[in-house]
Amino acid sequence: MAKLILQKPKGFYDSFYRKPGDKENTHYCPGCGHGIIHKLIAEAIEDFGIGDRTIMVSPVGCSVFVYYYFNTGNIQVAHGRAPAVATGIKRANPNSIVISYQGDGDLAAIGGNNILQAANRGEHITVFFVNNAIYGMTGGQLAPTTLPGMKTSTTPYGRDIQNEGPPMKVVELLSSLDGPTYLERTAVMSNASIAKTRKAIRKALQCQIDGLGFSMVEMLSACNSGWKVDPKEQYKWMEEMMLPTFPLGVVKDVREEREGWFRETRTMTDEAIKQELDLTMPEPTIFPSELKKGSYHNPSIKLAGFGGQGILSAGAMLANAGMEQALETSWIPSYGPEMRGGTAYCFVNLSNKPIGSPTVTNPDVLMAFNRPSLEKFEAEVKPGGLLMYDSTIIDIEPTRKDIEVLPVPATQIAEDLGNTRMANTVMVGAYIAQTGIMAPAAIDQTLPLALKRKTMVDANKKALAAGVDYVMSR
Amino acid sequence: MAKEFIKGNDAIVKAALLAGCQSFYGYPITPASEVAHAAAKYFPRVGRTFLQAESEIAAIQMVYGAAAAGQRSMTASSSPGISLKMEGISYLAGAELPCVIVDIMRGGPGLGNISPEQSDYNQVIKGGGHGNYRLIVLAPNGAQEMCDLTFKAFDLADKYRNPAMLLADGFVGQMMEPVAFPAPIEELPAKEWALRATAESKDNLVNSIYLDNDELEQRNYDLTAKHDEIEANEVMYEEYLTEDADMILVGYGIISRILRTVVDLARADGLKVGLVRPITLWPFPKKIFAELSGRINSFFVVEMSEGQMIDDVKLASGCSRPTHFYNRMGGNVPTVDEILAAVREKYTATAV
Ligand SMILES: Cc1ncc(C[n+]2csc(CCOP(=O)(O)OP(=O)(O)O)c2C)c(N)n1
Ligand code: SF4
Ligand SMILES: [Mg+2]
Chain A
1 MAKLILQKPK GFYDSFYRKP GDKENTHYCP GCGHGIIHKL IAEAIEDFGI
51 GDRTIMVSPV GCSVFVYYYF NTGNIQVAHG RAPAVATGIK RANPNSIVIS
101 YQGDGDLAAI GGNNILQAAN RGEHITVFFV NNAIYGMTGG QLAPTTLPGM
151 KTSTTPYGRD IQNEGPPMKV VELLSSLDGP TYLERTAVMS NASIAKTRKA
201 IRKALQCQID GLGFSMVEML SACNSGWKVD PKEQYKWMEE MMLPTFPLGV
251 VKDVREEREG WFRETRTMTD EAIKQELDLT MPEPTIFPSE LKKGSYHNPS
301 IKLAGFGGQG ILSAGAMLAN AGMEQALETS WIPSYGPEMR GGTAYCFVNL
351 SNKPIGSPTV TNPDVLMAFN RPSLEKFEAE VKPGGLLMYD STIIDIEPTR
401 KDIEVLPVPA TQIAEDLGNT RMANTVMVGA YIAQTGIMAP AAIDQTLPLA
451 LKRKTMVDAN KKALAAGVDY VMSR
Chain B
475 MAKEFIKGND AIVKAALLAG CQSFYGYPIT PASEVAHAAA KYFPRVGRTF
525 LQAESEIAAI QMVYGAAAAG QRSMTASSSP GISLKMEGIS YLAGAELPCV
575 IVDIMRGGPG LGNISPEQSD YNQVIKGGGH GNYRLIVLAP NGAQEMCDLT
625 FKAFDLADKY RNPAMLLADG FVGQMMEPVA FPAPIEELPA KEWALRATAE
675 SKDNLVNSIY LDNDELEQRN YDLTAKHDEI EANEVMYEEY LTEDADMILV
725 GYGIISRILR TVVDLARADG LKVGLVRPIT LWPFPKKIFA ELSGRINSFF
775 VVEMSEGQMI DDVKLASGCS RPTHFYNRMG GNVPTVDEIL AAVREKYTAT
825 AV
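These protein sequence lines map, in sequence, to chains A and B.
Reminder that position 145 of the first sequence reads as 145 in this note's numbering, one-by-one numbering, no gaps.
In this note's numbering, each residue carries its 1-based index in the second sequence increased by 474.
Honestly, the hints are just simulated from the structure, not real lab data.
Worth double-checking, as some hints may not be accurate.
In silico DSSO-like cross-links for lysine-lysine, where the CA-CA straight-line distance does not exceed 27 Å [claimed, not checked]:
#1 A:Lys232 with A:Lys39
#2 B:Lys515 with A:Lys274
#3 A:Lys39 with B:Lys676
Put together the whole structure using the sequences plus the hints.
Printed below as a string of structure tokens:
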């Protein structure tokens, strides 16, 4: 067990109370780079006075127990996901200092996309990335950073770059992105290199404290157990094996170019929230109406025609108005294979009891706006039901004798009003006049909700009235 | 109260914001994208966080972070995306973090299609992720419930520190119906356990590791005790004309709406048919099935899957009554008529 010979920095717990057994020493192997790096981070947290607002993210790897040591808020996360979790924490609390501590398997293999994307978003977090060229925790397997020719448990004959590819250079990779602010690679071996690492850690944290964006330090770190190297030889090994592949130094530093980011929090009144959520329906007015026939009660209505004929909005007119007249209503569009045959349709239910199935095989009412939908859906209408069709456009007549048929020259009427596209509204007017299910004023009241173009409200009121008149004067 | 005529998918988002949800992390997938679209529009308007994550895996982990920080947080996806979220869901359950996950189910397996199915039942109710955990699963059958059960999901998640799911399909999501929205929640109780980046909360740890076998076993017992409590207290279901019924139809979500009409039509034909609709799929309303099996002739389960919930109906009723089954798959929603025909065929009155 590595002894922390010097006094523990305040960034650490006085006693590692969460750790089973020995509460004084870390769980790392003697000579392990993690222990030294922990200490450098803990000192920085202490010196910056940020312990109370820091949240350390423990990864999966030998450093899975980061939370044993750091006297900060702590969270342990899934393998590789630390940058995504850190994103959620930081955005929930912009005042927090969020540190993602990750190994090379965690960060560069399984979590590769998570680090890439967090870096690219310029997430306001700090990542301490411990590159020991191996999976320490799981028994010394190949890491993305394992060196060419290096023997590991899963490359017993040495890393073959034809098979596993060459080592991944993470800070260089991230430096090609515009998102990150500060990227540096250091090593944890000689006193001089440790001093540089100490400085880099502080710069990275300061970057976050100042709100300047994403910062990361990649630290080359010893894992003599994983490498199967004598601890006394480990730094020599690093020097010979790692340094040629992983050059040290600042890879990116654009702190000067970044502006401090501090998100202000907003408080909103209930009214303002409802306004912003478009929850602004006024109390409805109920207009008296009288059904003309018992069979017009609680209709399920199918509206069908070409896409672009306003089928869906005609349905929405009825449903919106029905809701405001205290009816249960539902509206559901149906596309699918029918679209290809030239028909789009929707179902509307108006009822004074809870609506069961929002679609039915045999609707009470069919409004057909083109010939294919009349041909296709006439047979579906429930015996005794009502079939309305646009007799301007449809040049055939329905053949059923067991249903009520009402031709409406809707397109002609709309054209007389100056816009054939209002044929849908004419048809709705004809329907409510024929059935008495709602007063025209009920539709007028909610027209603005059903129409995309609010400038068309008045014209559509006229079209509705014309549809009503057509039926009344028949 | 004034109602809004609104799509179920939109109702979820507005309800979440009224319920105090502070962040939405998502990844596009049809037919759940509409939820993300509405969230992208409305979350920023009220000063909340919307972020499109790099994947469903990341989105659920962002929720993990946000939930750990004490926020009400949510994500929405559809079946293949839910498969990817399973890792995160297990961790959320293991660390006892509350959040809401929306699953607008689609056809599977594999890429399947984008039409409605109910074939995620097993993956969300029976585990999906690793370990002993339970997801609280609510199955709305209309726009009003998309709103009400979103509120409920956040409340249950917080109450039990457990992830909760809204399980729906594109049919319920696309349908517009009147919705009465409640007033915005003013203030939520503080979460003492959360990582709030303060001196007082500094000792808090969010974690699912228990190295010691006995400790982890105890941890699992504790979770089981919580699951038992949820099962005892939070079951929701709806009964329709069950009192004198010989045959009980069973279905959830959009199917329950169709079955309601089937019941009406069957009754008009003199068949004594009733309906039980589970609203909480977990906890599953076991008692009502046990109870009913003592006085009915048969169950008739309808699902848009190969037959997943039917196992729970059989378990709950101890397989003591014939349990008929009718299903459609691949995005086909069964019609009232086809179900009615199948019901007629299987219906027999209980001998008195
Ligand atoms: C999803 C998942 N896959 C695999 C593992 C097993 N696992 C634990 S640690 C680890 C490798 C860690 O290596 P690294 O990130 O380099 O950390 P080190 O131990 O070297 O510090 C793996 C593969 C896991 N815990 N979770
Ligand atoms: S296995 Fe390697 S990384 Fe893990 S504690 Fe030992 S030396 Fe450190
Ligand atoms: Mg490693």
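Tested hints:
1. Proximity of Lys232 of chain A to Lys39 of chain A is assessed by CA-CA distance (about 21 Å); at most 27 Å being required, the pair is judged to hold.
2. As the CA atoms of Lys515 of chain B and Lys274 of chain A are separated by approximately 14 Å, the hinted pair is consistent with the 27 Å bound.
3. Of the pairs offered as hints, the one joining Lys39 of chain A and Lys676 of chain B holds, with about 19 Å between alpha carbons and a cut-off of 27 Å not exceeded.
Of the numbered hints given earlier, the model fails none.
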